[in-house]
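Student: Listed below, chain by chain, are the residues.
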Amino acid sequence: MESNKRKQELLKEFLPQLEKTSIVWYAWVAFLFAAIFLGIYCLVLQILKGHIITGMRDNVVWGVYIVNFIFFMGISYAGALVSGSMHLFKTSWRGPILRIAELTTIIALFIGPLYILLCIGRLDRLPFLFMYPRIQSPITWDVIAITTDLFGCLIYLYLSFIRDFALLRDSGDTKLPKWRINIYKVLAIGYHDTPTQRKRIKNVTNIMSAMIIAIAIIVYSVLAWIFSVTLQPGWHSTIFGPYFVIAAVFSGAGVIIILMRVFRSVYHLEKYITKQHFVGVGMILMILSMFFAYFTFSEYLTKWYGSKKLDDNLIQILFTQYFWQFVFSNYVGTLLPIIIMGIPRFRTINTITFAAIVAVLALWMNRYLIVVPTLETPYMPIQDTRPEWMLYKATWIEWCLTFGGVGTFCLLFTLAAKFVPIIPVSEVADAELEMSAELAKGQDNHEATVTNSLKKQIVHKKEANEL
Amino acid sequence: MDNSLNERKNNRRKFLRVSFLTGLSAVAAKTVFADIPIDPEKETGEMVTLLSPDGQLVKVAKEKINYMEKYISPEASRKGIPHRKFVMVIDLAKCKNARKCVENCQKAHHLPPHQEFMKVYLMQESEEAAPYWMPKPCFHCDKPLCVSVCPVGATYKRSDGIVLIDNERCIGCKFCMTGCPYSARQFNWADSPFLHVDQPYSPETSVPGKEGTVSKCDFCPDMIRDGKMPHCVSACPMGVIYFGDQLEDIVTNGEETIRFSELIAARSGYRHLEDLGTKPSVYYLPPVNRQFPVDRGFDHEDEINQRYKDVPYVKKMHKN
Numbered sequence: 004m005e006s007n008k009r010k011q012e013l014l015k016e017f018l019p020q021l022e023k024t025s026i027v028w029y030a031w032v033a034f035l036f037a038a039i040f041l042g043i044y045c046l047v048l049q050i051l052k053g054h055i056i057t058g059m060r061d062n063v064v065w066g067v068y069i070v071n072f073i074f075f076m077g078i079s080y081a082g083a084l085v086s087g088s089m090h091l092f093k094t095s096w097r098g099p100i101l102r103i104a105e106l107t108t109i110i111a112l113f114i115g116p117l118y119i120l121l122c123i124g125r126l127d128r129l130p131f132l133f134m135y136p137r138i139q140s141p142i143t144w145d146v147i148a149i150t151t152d153l154f155g156c157l158i159y160l161y162l163s164f165i166r167d168f169a170l171l172r173d174s175g176d177t178k179l180p181k182w183r184i185n186i187y188k189v190l191a192i193g194y195h196d197t198p199t200q201r202k203r204i205k206n207v208t209n210i211m212s213a214m215i216i217a218i219a220i221i222v223y224s225v226l227a228w229i230f231s232v233t234l235q236p237g238w239h240s241t242i243f244g245p246y247f248v249i250a251a252v253f254s255g256a257g258v259i260i261i262l263m264r265v266f267r268s269v270y271h272l273e274k275y276i277t278k279q280h281f282v283g284v285g286m287i288l289m290i291l292s293m294f295f296a297y298f299t300f301s302e303y304l305t306k307w308y309g310s311k312k313l314d315d316n317l318i319q320i321l322f323t324q325y326f327w328q329f330v331f332s333n334y335v336g337t338l339l340p341i342i343i344m345g346i347p348r349f350r351t352i353n354t355i356t357f358a359a360i361v362a363v364l365a366l367w368m369n370r371y372l373i374v375v376p377t378l379e380t381p382y383m384p385i386q387d388t389r390p391e392w393m394l395y396k397a398t399w400i401e402w403c404l405t406f407g408g409v410g411t412f413c414l415l416f417t418l419a420a421k422f423v424p425i426i427p428v429s430e431v432a433d434a435e436l437e438m439s440a441e442l443a444k445g446q447d448n449h450e451a452t453v454t455n456s457l458k459k460q461i462v463h464k465k466e467a468n469e470l
Numbered sequence: 669m670d671n672s673l674n675e676r677k678n679n680r681r682k683f684l685r686v687s688f689l690t691g692l693s694a695v696a697a698k699t700v701f702a703d704i705p706i707d708p709e710k711e712t713g714e715m716v717t718l719l720s721p722d723g724q725l726v727k728v729a730k731e732k733i734n735y736m737e738k739y740i741s742p743e744a745s746r747k748g749i750p751h752r753k754f755v756m757v758i759d760l761a762k763c764k765n766a767r768k769c770v771e772n773c774q775k776a777h778h779l780p781p782h783q784e785f786m787k788v789y790l791m792q793e794s795e796e797a798a799p800y801w802m803p804k805p806c807f808h809c810d811k812p813l814c815v816s817v818c819p820v821g822a823t824y825k826r827s828d829g830i831v832l833i834d835n836e837r838c839i840g841c842k843f844c845m846t847g848c849p850y851s852a853r854q855f856n857w858a859d860s861p862f863l864h865v866d867q868p869y870s871p872e873t874s875v876p877g878k879e880g881t882v883s884k885c886d887f888c889p890d891m892i893r894d895g896k897m898p899h900c901v902s903a904c905p906m907g908v909i910y911f912g913d914q915l916e917d918i919v920t921n922g923e924e925t926i927r928f929s930e931l932i933a934a935r936s937g938y939r940h941l942e943d944l945g946t947k948p949s950v951y952y953l954p955p956v957n958r959q960f961p962v963d964r965g966f967d968h969e970d971e972i973n974q975r976y977k978d979v980p981y982v983k984k985m986h987k988n
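Quick note, the sequences are listed as chains V and A, same order. With the working numbering, letter number 299 in the first sequence gets 302, and the count goes up by one each step, no holes. With the working numbering, letter number 133 in the second sequence gets 801, and the count goes up by one each step, no holes.
It is worth saying that the hints were derived from the structure and are not from the lab. You may find that some hints are simply not true.
Here are a few chain A residues that face chain V, going by a calculated C-beta distance under 8 Å [to be verified]:
id, residue
1, S816
2, C818
3, G821
4, F843
5, F855
6, T881
7, E971
Yeah, the Cβ is synthetic: ideal placement off N, Cα and C, and Gly gets one too.
All chains should be built: construct the whole structure from the sequences, respecting the hints.
Tutor: Set out below in structure tokens:
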């Protein structure tokens with residue numbers, strides 16, 4: 004079969020990435036492990052000494068941890084939304100970046116919930132969440148939503164892997180060790196690319212891609228409701244659900260661009276991940292930054308324009324104490340992607356990546372500004388003399404655990420890219436075939452219309468003659 | 669007003685007070701008996717024969733009686749004291765930030781110096797408004813957001829209106845702390861000697877506290893069961909804090925006993941931040957016809973006085 008040949012060809016091209024490991028790769032993995040172990044060390048310290056070693060106190064009860072939680076969950080949902088909708092709407096250029104988006108989804112989804120665990124004072128009582136669940140609590144909604152999302156995304160990711168697992172199993176002359184071939188064999192669950200199997204996997208993937216879009220929207224809204232159901236002036240907002248969803252996809256699109264750039268350089272994928280892809284995802288980034296700017300503006304405008312005392316306090320602190328952070332997250336972070344993507348001259352792979360990095364950092368800061376200043380301006384004035392009780396300042400423990408999470412994200416991505424080709428081989432090969440088939444079909448159609456009109460003309464002429 | 673009317677009023681007050689306290693004691697006695705396990709085989713040492721509530725004679729170990737008298741298990745603490753709805757009324761006109769309520773509460777609940785279930789705020793709504801001292805316990809709201817958001821049911825609203833925390837159930841997620849608009853809740857951030865008290869834990873006493881869990885003012889149901897007032901009420905030298913039962917419609921500060929509804933009506937009682945709709949069980953009487961000037965509240969060590977440095981009144985005072 005033509006498609007099979009092309010697939011094996013492609014696979015040959017990507018196999019070296021799976022087979023060989025360079026010294027740089029080992030050094031990188033060792034570095035990541037060091038970051039993770041530092042994080043684990045801090046976690047142990049936090050468990051042994053208590054939350055007193057973090058910057059969190061009775062007013063600001065959630066700090067950097069919950070910001071990271073929202074951040075990683077956001078990246079995850081963005082991956083799901085981007086890959087799901089590209090699949091659902093059959094975006095023609097989706098092939099090479101689909102797997103990056105899918106891996107982002109699942110890896111971020113593993114890391115995100117770990118951060119909410121860091122906020123919990125008694126980790127030994129975690130089973131209570133299932134032993135004594137109360138459905139009134141948004142945390143219970145979140146537990147249900149995140150587990151649903153995790154299963155949905157795992158299924159979706161696995162579906163997209165099956166065909167490549169089958170390819171890896173069948174590509175006889177690889178240098179891969181025997182055990183890895185065996186793993187591929189098990190994971191391919193007897194897929195042999197028969198027409199029925201192919202049709203089935205296509206249908207299931209279509210259904211799942213629609214479903215994970217819906218699940219992602221629900222899950223991120225539920226996460227937003229954790230904040231907006233409380234009476235805190237900075238959180239008690241009706242637009243938080245959609246605001247968080249938009250912010251999530253915005254930051255996630257940024258992370259996908261950064262990863263595209265990284266893999267393009269490291270794996271020399273210039274042929275596959277082209278400028279077209281950067282501009283494509285960059286466009287998504289730009290549109291979302293416009294939406295995000297719009298939501299941010301309307302959120303703060305209403306707070307600022309009115310005269311409610313507590314809203315006023317919050318705006319005051321945002322525009323004095325947090326002025327530069329506010330400018331960076333809500334002005335620079337939204338305007339830069341719009342300027343770079345909006346003016347065609349500025350659109351290069353590097354500038355788009357730069358815009359993505361700024362957008363991702365800005366979004367992290369935006370979540371920080373949602374969480375911390377709100378908790379620093381409660382209804383009852385903070386009348387205390389201990390500085391750490393009045394204003395939040397993250398400690399090195401919290402930063403180490405933050406970098407540990409980023410390290411885990413990078414490590415899992417590195418390992419995943421070692422286990423499966425980062426470019427979905429089957430998907431790309433099929434897309435190429437489809438494209439050429441469509442071109443051919445297009446020509447056929449054209450010919451058909453031409454002959455039809457000719458026939459009609461002849462009929463007309465005949466009729467005229469008869470008259 | 670003539671003397672006879674005054675006397676009658678006093679008599680009525682006395683009667684109300686006595687009846688209220690006997691009511692409380694009756695409740696207390698009932699619960700004492702209800703919690704004695706009828707299981708004589710396991711006991712050792714001296715046995716005592718008691719009459720159980722259903723009229724039977726039971727043998728109980730002597731040492732167990734005192735122990736059980738105060739002990740309400742976390743499970744039992746989820747039920748309120750029957751036919752009660754506890755309310756508190758705080759008379760802001762009489763408060764001079766003596767801090768006796770704070771100190772006694774801390775002592776009774778084994779709290780470290782900075783952890784205060786009862787806090788005294790210096791409130792001043794705006795620069796032009798009058799400053800006043802505001803003692804603030806947990807408001808034991810009738811629509812408590814902290815209870816709604818708890819994922820494991822570690823904090824609960826009882827039939828008698830009290831909101832308690834079971835720190836053997838609490839997972840320490842702190843969601844309740846962001847849910848409470850009155851900053852009533854505190855987290856036990858670290859292990860400390862204050863958390864090691866040799867006494868069985870009961871949510872009704874909140875002692876001993878536990879690291880990694882949330883705690884707050886509990887309205888002292890253990891004292892109520894004993895027929896006594898919460899520690900803050902009995903500690904206050906000015907009689908600022910009234911405590912009582914809304915169903916019986918009486919509150920007392922230990923000196924006088926008044927009809928709750930009459931007190932609220934006569935003194936224009938209100939609840940703090942009523943517009944949030946949380947329906948607190950704590951009422952305030954506005955600071956009018958004050959007994960003390962605000963400045964009397966600054967008779968403390970620097971650490972305490974420094975807390976109020978951002979209040980406009982204090983800022984102005986320092987300027988002059």
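Student: Each hint should be assessed against the structure and marked as holding or not.
Tutor: Evaluated hints:
{"no.": "1", "hint": "S816", "in the structure": "holds (5 Å)"}
{"no.": "2", "hint": "C818", "in the structure": "holds (6 Å)"}
{"no.": "3", "hint": "G821", "in the structure": "holds (5 Å)"}
{"no.": "4", "hint": "F843", "in the structure": "holds (6 Å)"}
{"no.": "5", "hint": "F855", "in the structure": "holds (6 Å)"}
{"no.": "6", "hint": "T881", "in the structure": "holds (6 Å)"}
{"no.": "7", "hint": "E971", "in the structure": "holds (6 Å)"}
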